[in-house]
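K.L.:
For reference, the chains in residue letters:
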Amino acid sequence: MPAIEILGLEKTYLVGFWRKRPKRALSPLRLTVENGEIFGFLGPNGAGKTTTLKLLMGLVFPTSGSARILGQEWTDPEVKAQIGFLPEQPYFYDHLTAHELLNYYAQLSGVPAKERSRRVESMLQRVGLKDVHGVQLRKFSKGMLQRVGIAQAILHDPKLVFFDEPMSGLDPMGRREVRDLMEQLKHEGKTVFFSTHILSDAEALCDRVAIIHKGELRGIGAVEDLTSSVQGKVEVIWQGTQIPTSMRALGAECHVTGDTVRAIVDENQQDAAIDALRRERLRMIALTPVRTSLEAYFVEKLQRAETTAGRTT
Amino acid sequence: MNQRRKVSIIAGVCLVFSLAASAVILHRTDELRPQATIEEVLFLSSPKVLKRASLGYDGLLADIYWTRAVQYFGGRHFQNARSYNLLFPLLEITTQLDPHLVVAYEFGASFLAPPPPNGAGQPEHAIQLMEYGIQNNPDNWKLYYNLGFVYYMNLKNYQKAADAFERGSKVPDTHPFMRLLAAQMAQHAGDFDTARMMWSATYQNSQDTLIRANAVEHLRALRVEEDVTRLQQAVTRFGERTGRLPTSMSELVSAEGLPGVPVDPDRHPYKLTPEGRVEVRVPDDFPFATKGLPPGFTPQPKFHSQDQ
Amino acid sequence: MKARVLHIASNTFREAVRDRVLYNLIAFALLLSGAAVLVGQISIDIEKLVVINLGLTAVSLFGIVIAIFIGIGLVSKEIEKRTLYTVLSRPVRRWEFIVGKFFGLAGTLVVNTFFMAIGVFAALFYVSHKFVRADALILIALYFIVLEFLIICSLSLLFSSFSSPLLSAVFAFALFVIGSFAEDLRGFAGMTHGITRWLVSGAAYLVPNFSAFNVISSIAHEQPVAAQLIWHNSLYALFYATMALSGAVLIFEHRNLK
Chain A
0 MPAIEILGLE KTYLVGFWRK RPKRALSPLR LTVENGEIFG FLGPNGAGKT
50 TTLKLLMGLV FPTSGSARIL GQEWTDPEVK AQIGFLPEQP YFYDHLTAHE
100 LLNYYAQLSG VPAKERSRRV ESMLQRVGLK DVHGVQLRKF SKGMLQRVGI
150 AQAILHDPKL VFFDEPMSGL DPMGRREVRD LMEQLKHEGK TVFFSTHILS
200 DAEALCDRVA IIHKGELRGI GAVEDLTSSV QGKVEVIWQG TQIPTSMRAL
250 GAECHVTGDT VRAIVDENQQ DAAIDALRRE RLRMIALTPV RTSLEAYFVE
300 KLQRAETTAG RTT
Chain B
0 MNQRRKVSII AGVCLVFSLA ASAVILHRTD ELRPQATIEE VLFLSSPKVL
50 KRASLGYDGL LADIYWTRAV QYFGGRHFQN ARSYNLLFPL LEITTQLDPH
100 LVVAYEFGAS FLAPPPPNGA GQPEHAIQLM EYGIQNNPDN WKLYYNLGFV
150 YYMNLKNYQK AADAFERGSK VPDTHPFMRL LAAQMAQHAG DFDTARMMWS
200 ATYQNSQDTL IRANAVEHLR ALRVEEDVTR LQQAVTRFGE RTGRLPTSMS
250 ELVSAEGLPG VPVDPDRHPY KLTPEGRVEV RVPDDFPFAT KGLPPGFTPQ
300 PKFHSQDQ
Chain C
0 MKARVLHIAS NTFREAVRDR VLYNLIAFAL LLSGAAVLVG QISIDIEKLV
50 VINLGLTAVS LFGIVIAIFI GIGLVSKEIE KRTLYTVLSR PVRRWEFIVG
100 KFFGLAGTLV VNTFFMAIGV FAALFYVSHK FVRADALILI ALYFIVLEFL
150 IICSLSLLFS SFSSPLLSAV FAFALFVIGS FAEDLRGFAG MTHGITRWLV
200 SGAAYLVPNF SAFNVISSIA HEQPVAAQLI WHNSLYALFY ATMALSGAVL
250 IFEHRNLK
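First to last, the protein sequences are chains A, B and C. Under numbering that gives the first Met the number 0, the first residue of the first sequence is numbered 0, with each subsequent residue one higher. Under numbering that gives the first Met the number 0, the first residue of the second sequence is numbered 0, with each subsequent residue one higher. Under numbering that gives the first Met the number 0, the first residue of the third sequence is numbered 0, with each subsequent residue one higher.
Derived by calculation from the structure, the hints in this document are not laboratory data. Do not take every clue at face value.
Claimed, not checked - Pairs of lysine-lysine residues, derived as PhoX-like cross-links and limited to a Cα-Cα distance of at most 20 Å, are as follows:
{"no.": "1", "chain 1": "C", "residue 1": "Lys76", "chain 2": "A", "residue 2": "Lys141"}
{"no.": "2", "chain 1": "A", "residue 1": "Lys213", "chain 2": "C", "residue 2": "Lys76"}
{"no.": "3", "chain 1": "A", "residue 1": "Lys300", "chain 2": "A", "residue 2": "Lys232"}
{"no.": "4", "chain 1": "A", "residue 1": "Lys19", "chain 2": "C", "residue 2": "Lys1"}
{"no.": "5", "chain 1": "A", "residue 1": "Lys138", "chain 2": "C", "residue 2": "Lys76"}
{"no.": "6", "chain 1": "A", "residue 1": "Lys22", "chain 2": "C", "residue 2": "Lys257"}
{"no.": "7", "chain 1": "B", "residue 1": "Lys290", "chain 2": "B", "residue 2": "Lys155"}
{"no.": "8", "chain 1": "B", "residue 1": "Lys5", "chain 2": "C", "residue 2": "Lys1"}
{"no.": "9", "chain 1": "A", "residue 1": "Lys22", "chain 2": "A", "residue 2": "Lys213"}
{"no.": "10", "chain 1": "C", "residue 1": "Lys1", "chain 2": "A", "residue 2": "Lys113"}
Hey, can you work out the whole structure from these sequences and the hints?
P.N.:
Structure (structure tokens):
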């Protein structure tokens with residue numbers, strides 16, 4: 000039984016003041032997320048990621064279509080006891096402390112009274128919030144609030160968690176911690192569905208991804224499969240102003256800047272480029288990936304979509 | 000989806016039911032406290048305080064008090080009340096808040112002065128109100144008219160009435176009859192024609208329903224009085240001639256050469272009692288008549304043509 | 000189900016009670032009670048009258064302000080701050096949320112009234128140096144004031160369920176003003192005919208009718224309050240609040256939380 004089955008969920012809004020015009024936020028979406036996987040939902044801002052999440056959470060009602068979560072109708076309130084949700088950039092009740100807030104959420108999720116304080120305590124530890132006793136949430140930094148948000152999403156030990164832009168507002172340390180946490184959740188057998196526009200995170204974490212753009216699904220599949228279809232590029236920098244002919248033969252773009260040259264070659268030509276430099280006894284300064292594979296795939300998909308839609312850029 | 004529909008239906012039913020229930024309770028509560036608002040309204044003592052408290056929205060507040068005054072009077076009048084103590088304070092507050100609300104003064108003239116149950120029986124208060132109105136609207140002839148009206152109708156002080164009409168006749172754009180009325184006061188104050196002129200004037204120059212209904216009733220009563228006086232004189236003449244009372248109205252008509260069986264304003268023929276009195280067929284229809292009523296009859300003070 | 004409603008209510012209460020705005024308003028009300036003592040000293044006879052009138056009016060007005068300002072934020076603020084999303088992602092029904100919020104706010108107002116009332120009684124004791132039997136009437140006036148709060152609360156919640164905080168405040172306040180003159184509205188309806196009469200009467204019954212709740216002036220003059228009136232007012236408040244809450248639930252049930 001898949002964790003999530005989205006069966007043609009669609010959302011069209013009517014916008015405008017006098018004459019309402021339909022605006023399609025989400026075209027009928029068909030998507031399946033398997034148990035125990037980390038699934039990335041990718042797309043630029045305004046693509047429909049948050050709309051999809053809100054539809055699944057029952058915050059917004061679909062124009063048509065349905066979904067099943069953990070085998071049950073997505074509108075079933077009882078199914079919510081087994082899912083967790085972290086909305087984008089949450090704030091919380093200003094005047095409560097983190098303990099009070101998590102306790103409140105635990106109450107609402109039906110965690111038994113005896114368990115609550117223990118759970119709350121361990122959750123705060125887990126998300127790295129120490130010494131926050133008696134501090135009201137309005138004094139928390141953005142990063143701390145994000146951690147609280149994650150804590151409330153997992154404190155009732157749900158089978159399936161939904162994260163909307165979980166890394167936003169976090170410094171690199173924080174992002175690393177969240178990534179580790181998501182890996183842990185997977186190891187605990189939970190399913191994680193998260194939306195983001197940061198591809199590197201998705202590439203590192205996800206088993207499968209889906210790409211959505213302007214409300215339409217553009218691509219879906221396992222990360223390796225998608226990235227293998229597109230080549231990434233690497234940037235080679237070497238000392239001097241000489242450009243070997245073999246380098247040019249690789250079809251590389253070369254720029255001379257001062258006394259260094261920069262060339263961009265395809266990922267699979269990496270070795271050939273290094274050989275070319277070695278033959279000419281040129282000193283290589285750096286070799287760095289320019290675009291990740293997933294990003295290339297992403298961009299290609301989006302550009303193709305733009306051109307099929309008949310628009311320029 | 001079923002959940003949503005279930006909740007919606009329950010909420011919808013609850014809404015309709017509680018709306019109905021609250022309306023019913025409200026109605027019952029009203030019956031509990033008929034005049035409570037008016038009384039507690041006036042606990043706010045002086046009109047000047049109220050004016051300050053109204054934060055500049057005197058106009059609206061004046062309209063509200065005006066509405067209350069009308070309701071107060073109308074409601075009590077319908078119940079044949081014998082006192083209207085709060086009418087003057089209400090009108091006073093109204094005119095303090097909006098000194099240019101002419102209809103309030105007119106209302107005071109029509110209903111403050113006459114004795115209960117047709118009015119508050121406070122002609123001095125009526126005079127006071129009119130003078131206040133004149134002070135604040137010195138160029139409005141209607142106020143002078145109403146002042147004169149009170150002196151004429153309720154105080155029978157024809158001299159002061161004449162003075163009022165005279166003052167009013169000097170106002171720019173005054174009604175032409177003001178001068179006429181001033182002259183009438185001098186010689187023909189007691190005449191039917193003068194009274195008729197006054198009530199017609201009141202009727203024509205006001206838009207307020209109650210004031211007009213009141214004027215109509217008085218005009219009808221005047222007609223009746225005129226008719227009855229005339230007919231009674233005919234009966235007397237008949238008696239002097241024949242030495243007995245006429246046996247029926249038709250005998251009187253033919254004997255005295257009257258132009259047909261006389262009818263009252265409702266087109267009911269007047270009747271002639273065996274004792275020789277001329278009476279109206281339906282006394283209840285003429286609450287202000289002083290003649291043509293059966294002996295010992297007290298009129299119900301209802302405006303005949305009012306739909307309440 | 001009930002447990003969740005209670006949890007939401009107590010959370011609402013806790014959040015409201017810690018809002019500093021609340022304390023400022025209560026302090027202000029207490030200040031007015033103190034001022035009443037000073038004003039009353041201008042004329043000995045009306046000392047007690049002024050304390051009761053001014054004190055209770057302050058309790059009433061400040062309470063209404065609190066009811067409106069906290070009430071409107073109940074739903075709108077939660078959407079703004081996205082707390083609502085995290086609550087509704089749990090097995091909480093939408094109607095439970097509304098009902099819980101109402102009870103939380105009602106509780107807050109009752110507690111507020113309690114504290115503000117202490118101020119009034121303190122001022123009263125100061126000027127009269129003793130309590131008389133008739134002072135119990137003040138409790139009745141306070142009870143009616145609380146009933147008014149409940150009605151305003153439910154209306155705030157109703158507006159908050161579909162419109163922005165600012166508009167909700169405007170509507171709720173407008174209805175409070177209209178409700179104070181609702182009796183005149185009904186009187187006016189009695190003077191019209193035909194369709195106008197139906198429309199105005201309908202409006203007059205739809206808006207909250209506060210005329211019967213304001214007994215401040217009469218109890219200041221130590222006039223008794225009929226037991227039937229207490230009963231009627233309680234029922235009216237109950238039904239009216241239920242009506243507004245049903246409306247809120249209905250609207251909220253169908254609202255897309257963008």
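K.L.:
When the structure is checked against the list of hints, which entries are broken? Sort them ascending.
P.N.:
Numbers 2, 4, in rising order.
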